[in-house]
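**Student:** Sequence order for the protein chains is A and B. With my numbering as the guide, the letters of the first sequence map in order to residues 859 to 1184. With my numbering as the guide, the letters of the second sequence map in order to residues 436 to 714.
Be aware that a few hints might be false.
Said to hold, decoys possible - Computed beta-carbon distance windows for the label pairs:
#, chain 1, residue 1, chain 2, residue 2, range
1, B, I460, A, R900, 45 to 55 Å
2, B, P613, A, T994, 15 to 25 Å
3, B, S472, A, V923, 42 to 52 Å
4, B, S527, A, K1086, 46 to 56 Å
5, A, R1177, B, L675, 33 to 43 Å
6, A, G901, B, Y674, 31 to 41 Å
7, A, Y946, B, L675, 28 to 38 Å
8, B, A538, A, G901, 27 to 37 Å
9, A, G1034, B, S512, 43 to 53 Å
10, B, S527, A, S992, 48 to 58 Å
11, A, V967, B, N669, 45 to 55 Å
12, A, Y946, B, K476, 35 to 45 Å
13, B, S592, A, K1086, 29 to 39 Å
14, A, Q1021, B, S472, 25 to 35 Å
If you're looking for bench data, these hints aren't it; they were derived computationally from the structure. Just so we're clear, the structure is a prediction, and the values are computed from it rather than from any experiment. Ideal placement from N, C-alpha and C gives every residue a C-beta, glycine not left out.
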Amino acid sequence: MQYVFKRALLLIFTIWIALTINFLLPRAMPGNPAQVMIAKYRGRIRPEAIEALEIAFGVDSDRTVFQQYIDYLKRMVTGDFGISVTFYPANVSEVLSQSIFWTIGLLGVTTIISFLLGIRLGIWSGWRRDSPLSTTTIFIALFLNSTPYFWVALIAVYVFGLQLGWFPLSGAYASGVTGWRFIGSVLYHAILPALTIIITATGGWILTMRNNMLSVLQEDYISFAKAKGLPEKVIISEYAARNAILPSFTGFAMALGFIVGGSLITETVFNYPGVGYMLYQSVLNIDYPLMQALFLFIMITVLVANFIADLTYSLLDPRIRTGGGV
Amino acid sequence: MRSLVIFFKNNKALSGFIILLIFVIIAIFAPFISPYSPTSKSFLPLQPPSRAHLLGTDATGQDIFSQVIWGTRLSLSVGMLTGAITTLIAISIGLISGYFGGAVDNILMLITNAILVIPGLPLMIVIASYFPIRGTSVIILVISLTGWAWGARVLRSQVLSLKEREFVLSSKMLGESPFHIIFVDILPNMLGIIFANFFGATVSAVLSEAGLEFLGLGDVNAISWGTILFWAQNNMALYLGAWQWIFIPGLCISLLGVSFALMNFGVDEIVNPKLRSRG
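Using the sequences plus the hints, can you model the full thing?
**Tutor:** Rendered as structure tokens:
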């Protein structure tokens, strides 16, 4: 219980850090970047909106940075992210809530599939370490782990979209369909982006899981299990994999960071209207309110996912719960 | 010297090193290898691969093969430089945190753990887009500032275990300065893990660089693999059937990544005997 409490405190602390980074970044840059944005949009959007932007980014303000910071925290907590200058007059919250759905769906499903797939393949290739098939798998995994997601996405677009014509090239759904046909269309549009992320992300999980397996297989209790004549299946699943899987959770934070980064760029290749695509749009249009909100959302999602991974880890490893060892 | 021999005896490390060597040679001799100037726009645009243009020409009539050859210079040097800077930051934080312990350690590790869980690429995108200028130096800065956390944590735990060994304790008893203990006693024993870290950091630097450049957040007028891909995508290369314009630069990025990943793997096997194959 103490572990969960500590983790929850860390979660709150890192969310606060994330909020603060988001506040400080534009203010720490040489030449106030918000001024560039305001100059660009002056006359294109209502004066009240310009004024709101000036207040939000502390341009021409007589308020101290600390007061601005308090105001900012208040606005973030109440979900008031201001207006999006790109999708004017839409609110940032509206744009955000529309794009969240797509990213959570795509990213959630692909992360879980690639994790499970990678773990399985890693267990297998660690156990059969000297077989040619295992060696080949490792080299493919090594290659995928060093490959940009967007490049895999581009190749998928070219081969399966343009050449074979099996899948749509961009977007998340066909326009003008409703009901079950809409759901079908959503799934159909998600296949290529999902495959891209799964194929690329699985590589990393295979590599870490295989290395963990190799370490665990050297342990005495594995030799003992073999000497006892236990069936291979039992040794793999009950003895080796159970322990080998634990370090995968400690590396989860970094791995998830890579997957999130990769899938955000993948969205831009497929014009998939999720958070990554919107982040790219906000960068192109110097839409800082939107960019801030999206970035904050991405950070908090990853932090919460890590929190869940930590809790799962503590369920799997009793040493964590009781505070002994590691 | 002995560790170098061990390094090159490892098949994975050796093959990684050979791939890197090929890219280094291409980068150094780019003016002699590339048939044309990479910026010359004097050819017919969008030609398919031919003997005159091995990879065809791009939308503005530049020779793609020459661009890929010249692009090696920037992609390779930015990747390695960024990997090196990232590793230096990681070493500094890891050593200070691990050696001095106490409050310093607590604060540094709190920061490290916070940075570790913040996804790197979105942070890089945001910082790069706030920056008043776009350029290669911004990319190097942004990637190194956001990528050191994992290395710092790994190196710190290594320092923690080395700190308790007899030879370090006896140095302390002899009254050696912390400077001496850190740089003469501890650091040389961490070379394996430092190199593994450098290789790993370079892989992610190469990938992050490519990603940022692909999004147009680098210097779009510089010639690197990432910017070639940026222009290819902006000119709808795939829709025009110019698949080689995308395929080859991307493959180069992967292969450069693979070369460092293989060396990383090799060092891992050397440092951790449990990973070595029994052959």
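**Student:** Next, verify each hint and record whether it holds.
**Tutor:** Do the hints match the structure? See the list:
1. I460/B to R900/A: 45 to 55 Å: Given about 53 Å between the Cβ atoms, the range holds.
2. P613/B to T994/A: 15 to 25 Å: violated (49 Å)
3. S472/B to V923/A: 42 to 52 Å: holds (50 Å)
4. S527/B to K1086/A: 46 to 56 Å: Because 49 Å falls inside the window, the suggested range holds.
5. R1177/A to L675/B: 33 to 43 Å: The hint (33 to 43 Å, Cβ to Cβ) is violated, given that R1177/A and L675/B are roughly 58 Å apart.
6. G901/A to Y674/B: 31 to 41 Å: holds (36 Å)
7. Y946/A to L675/B: 28 to 38 Å: holds (34 Å)
8. A538/B to G901/A: 27 to 37 Å: violated (53 Å)
9. G1034/A to S512/B: 43 to 53 Å: Once the Cβ atoms are compared, 51 Å apart, the range 43 to 53 Å for S512/B and G1034/A holds.
10. S527/B to S992/A: 48 to 58 Å: Between S527/B and S992/A, where Cβ atoms are some 39 Å apart, the hint is violated.
11. V967/A to N669/B: 45 to 55 Å: With Cβ atoms ~30 Å apart, the hint is violated.
12. Y946/A to K476/B: 35 to 45 Å: holds (38 Å)
13. S592/B to K1086/A: 29 to 39 Å: holds (34 Å)
14. Q1021/A to S472/B: 25 to 35 Å: holds (33 Å)
Figure legend: structure checked against the earlier numbered hints; hints not met, in rising order: 2, 5, 8, 10 and 11.
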